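Colleague: Okay, here's what each chain looks like letter by letter:
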Amino acid sequence: MSSLLITNARIIDPVSGTDAVGDVAIADGLIAAVAPRRGSNAAGLSRSGAERVIDAEGLILTPGLIDPHVHLREPGGEDAETIATGTAAAVSGGFTSVCCMPNTNPPLDDDSMIEFVYRQAERTAHCRVFPVGAVSIGRKGEELAELMLMAAAGAVGFSDDGDCVASAGLMAKALTYIRPTGLALMQHCQEPSLTRGASMHAGSVATRLGLTGWPRVAEEVIIERDVRLNRAIGCRYHVQHLSSGGSVEIVRRARREGQPVSAEASPHHLLLTHDEVENNGGYWTAAKMNPPLRERADIDAILEGVADGTITVLATDHAPHTPERKAMDFDSAPFGIIGLETALALYIEALVAPGVIDWPRLVAMMTIEPARLCRLDRLDSAGGTVPSAALGLGQLHVGGAGDVTLIDPAMEWTVTPDTLAGRSRNTPFLGRRVRGRAVATIVGGEVRMDRLAERSLPVRAAPAPRPAASV
Amino acid sequence: MTTMSVAPPVSPPTATELPWTHRCLLGLQGLSCEEIRTLLHTAASFAEVSGRSVKKVPALRGKVVANLFFEDSTRTRLSFTLAAQRLSADVIDLSAAGSSVSKGESTADTARNVEAMGVDALVVRHRSSGAAGLVGAAVRCAVVNAGDGRHEHPTQGLLDIYTLAEAHGRLDRFDLSGLRVAIVGDIVSSRVARSNIAGLTKLGAQVVCVGPATLVPPSLRTLGCAVADDLDAVLGEVDAVNMLRIQFERHEGSGAQGARPAPGGGDAPRGSPAFPSIREYARGYALTAERARRLKPGAIVMHPGPMNRGIEIADEVADGPRSVILRQVRNGLAVRMAALFLCVSASESRA
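Read top to bottom, the protein sequences are chains A and B.
The first sequence maps to residues 1 to 471 in my numbering.
The second sequence maps to residues 1 to 351 in my numbering.
Worth flagging that the hints you see were computed from the coordinates, not collected in a lab.
Any given hint might turn out to be false.
[Said to hold, decoys possible] Just the calculated beta-carbon pair ranges, DEER-fashion:
#1 Ser177/B - Val217/A: 35 to 43 angstroms
#2 Ile92/B - Asn280/A: 27 to 35 angstroms
#3 Ser193/A - Lys296/B: 39 to 47 angstroms
#4 Ala233/B - Asn279/A: 36 to 44 angstroms
#5 Asp93/B - Gly76/A: 53 to 61 angstroms
Treat the numbers as computed from the prediction; the structure is a model and nothing was measured.
Ideal placement from N, C-alpha and C gives every residue a C-beta, glycine not left out.
Given only the sequences and the hints, what does the whole structure look like? Please build it.
Modeller: Next comes the structure, spelled out in C-alpha cells:
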C-alpha cells in the first residue's frame, strides 16, 4: 500500500472552501484525508505509517492543476511535441491533467482516435490526458463527426480548435446534437472570411509592418452568433482563448441571461500586446498567436472579466512548434505559444500579484472550473467512461483521485530554454523573470515532478542561481 | 568585368563622412530624415554617371551583388542589375523558379548559401512582409530590400521622392516642406505606398491617400498621412499624384472583372474582392485626361509601374506633359546605386 503524507501546507481547496494550513494524506492513489489544521492528523495516517512524508512548510497545496486546452501534436506533429513530452511539460508546470485538442494529423475525429490518445497516454504520459473530439469530420466544418461514439469513447468535450465552426447551420446542428451528452462545445471563435491572410491584430503595428490585420470583430461576431443560436438549444458552450475586450462583454451578457456559456483566458492575452511583434528585430514569430495579441484595452477588459467571474477558466493553449517552422517569414510561420510550464507563474503575475483575484480564486480557475468544463469533477462513474481512479478531479475529495500540486509562491526563476521540459521552445516569455512555481506534481499519489529541493522556504536561502537567459 | 572607365570617377562622399551606418536598407520607416537625405544626395552624385558615354564608376569594383528574387520582377531586377554594373560590381541572379527555393529550402538558408559564395550585397524581393529583414538577420553582407510583401519597397520610395524633388526644384536640400502628394489606389496592399508615406512625411511633405475605403482604410492615418475617398476633391490641391497599380495578386478573392486569380489558389476559400469592378473603380479613381486637366500648374503625375493603362491611368496622361514616369525609371538607377554603395560601404566598415 503506497502512501504519502504532506504536512504543514497551506491547503487551498475551493470546492470545500478550505484555505488553511494542515496535512493531506494520499493512499493507493486516492485522497485519504484532508486535515486543514496543523498537527491534527484526522485521517489517522500517522507519520510513521506513510511511506513518504513531505514537509510542505511555506508551500501551497492545491488540487492537481488542470489545463483544458493544450496541443500535444500526437499523432502527426511529433517533431514539435508528443504526448510524452507535452505531459512532461505539464507536470513540470504543476498540471496533473490536460485536455488535448483534436487538431492532430489525422485529427481526433472518431472514437478510434480518442482511444488512441488514451492508449498512448497510458503508455507514455506523465499526467492524465483527456482528449477533446473534433466537431466536424476532418475539422473541415462541413459534416458532424461521430460525436456520440467519441463521447462514449471518453471524449471530454468537442472543438474544431485551430479552426472555427464557421457555418451557422453546422453549428446549430452540433449544439443540438451535443447537448444530450452533457459535454461542452468549445468554440475557436474566428470568422474565417474576416481573417483571410491575417497574421496579427488589426492595429497600428500591422499597418506599419504591412501585415494583414485580424480584427477583434472576427472573434466577436462568432460568439454573438453562437450565443444567439444556442439560446433555443441550451448546449454547454465554451469560448476558447478569448482575446478581445468586446468578447468579454458578450459572454458577460449571456451569462447574466442564465445561458450555459463559459469562457477561458490564456496567459499571453493577459500580459502581452501586439507591440511584441515589433520586438527582437521585428516580425517576431514567437509573438504570432491565434487569436492574436491585442491591445492594452483588451487586456484590461479581460482582467475585468476574470475579476467579475465572466471568465471562469484559465487555460494555456500550449501550442508547440519546431524552431524551423517558427524561423520562417512572419506570414508563413505557424501561430502558437507554448504555455504549460510558464502558465502558473504568469497567472500569478497577471492576476494574483496585482490583486485582480486572490489565491483561492486562482486555484479554482485552474482546478475545479476546468474540471467542471470537461466533466472531470464527477464523483461517481455511473453512465460515464471515466475510470474510477480519475474521479473527482479539481478538488480534494476523500476517495477521489490523489492529484495534488505543491506550489512555492515565493520562488523566483527565469524562463530559459533549459527550464522547459517540453520539446518546443516557442515562447515570447523566454528571459522573463517570474515568481511562483510548482515544486511537486502528484498524479494518483505518485510524485511525477519533484523540485522540492529548490524551494525558497523553509531553507530560507535564495534559490540556486540560474544561468542568464540566452534567447 | 571590364573596368575600362576612362572618365574620372565621381567621388561620392566617403562612407565615414556620411550619417549612414546601415548594412541593410530594409525600409524608410526606420530611417531618420538625415539618413534619407544621405541616400538622396548620394543618388544625386551618381545621377550624373547615367549621362556619360561610359556609364561606369569603380565604386564597387571587385564586389559581387546578388539579386535574390523570391517573387517575380523584371523591371526592379533590371534596374538593380544596371545599378550594380554601373558601380562596376559583378551581378548574379537567383530567382525562385527553378531554384532550391522550390525544393523547400528556407529563405534564410538560401540567403546564407548565396552569401557563402562570396557575395557582398543581396538584393532581396519576397512575397512576405518582413522577409528582407529575415534575410538581413541571417547574413553579414549588405542587404537591400527590393520589396517585401506589403511592407516596404524603399528604393521605389526614394526614387519617387527624388523625382518629386527634381520636378519641384528641391534637389539641393531635399526639403519637401509645403508639397502635397496624393497617392491613389491600392494603398493597403502597397509596399510602395508605405515607403512613400514614410519618406515623404519625414522630409516635410504632406501625403493624402485616396481610394475606396476597402483599399484605403482610415487606419492608414496611423502612418502619418491623411485619407480621402474623393479623388476629385483632392486633385486641385496637390503637387503630385502617384497612381498605384491595383495589385490583384495581393487581394483575397478575385471577383473583380479582369482580375487575376488569387495567389496560392488551391482549395483555399475565396473571399470577396476589395471593389466590385474595374469599371466602377476607374469611374472613381482613374486619372483620366479630364481629371489631369484639373491638376495645379506644375503638378506632376507619377506611377511606379507596371501600369494598367486604361484602368488607373489613361494613355494621354501617362504619356502627357505632366508625366514623369520615365524619369522615375531613370532616377531609380541612381537611387539603387546609392543604396548599394552605402550599404556595402557600411558592411565593410563594420567587418
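Colleague: The hint says 53 to 61 angstroms between Asp93/B and Gly76/A; measuring C-beta to C-beta, is that right?
Modeller: 39 angstroms, violated
Colleague: So does Ser193/A sit 39 to 47 angstroms from Lys296/B, Cβ to Cβ?
Modeller: 42 angstroms, holds
Colleague: With respect to the beta-carbon atoms only, verify the hint that Ile92/B and Asn280/A lie 27 to 35 angstroms apart.
Modeller: 31 angstroms, holds
Colleague: Per the hint of 35 to 43 angstroms, is the separation of the Cβ atoms of Ser177/B and Val217/A within bounds?
Modeller: This hint holds: roughly 40 angstroms between Cβ atoms.
Colleague: Does the beta carbon distance between Ala233/B and Asn279/A stay inside 36 to 44 angstroms, or does it fall outside?
Modeller: For Ala233/B and Asn279/A the Cβ distance comes to about 41 angstroms; the hint holds.
When the structure is compared with the earlier hints, a violation turns up for hint 5 alone.
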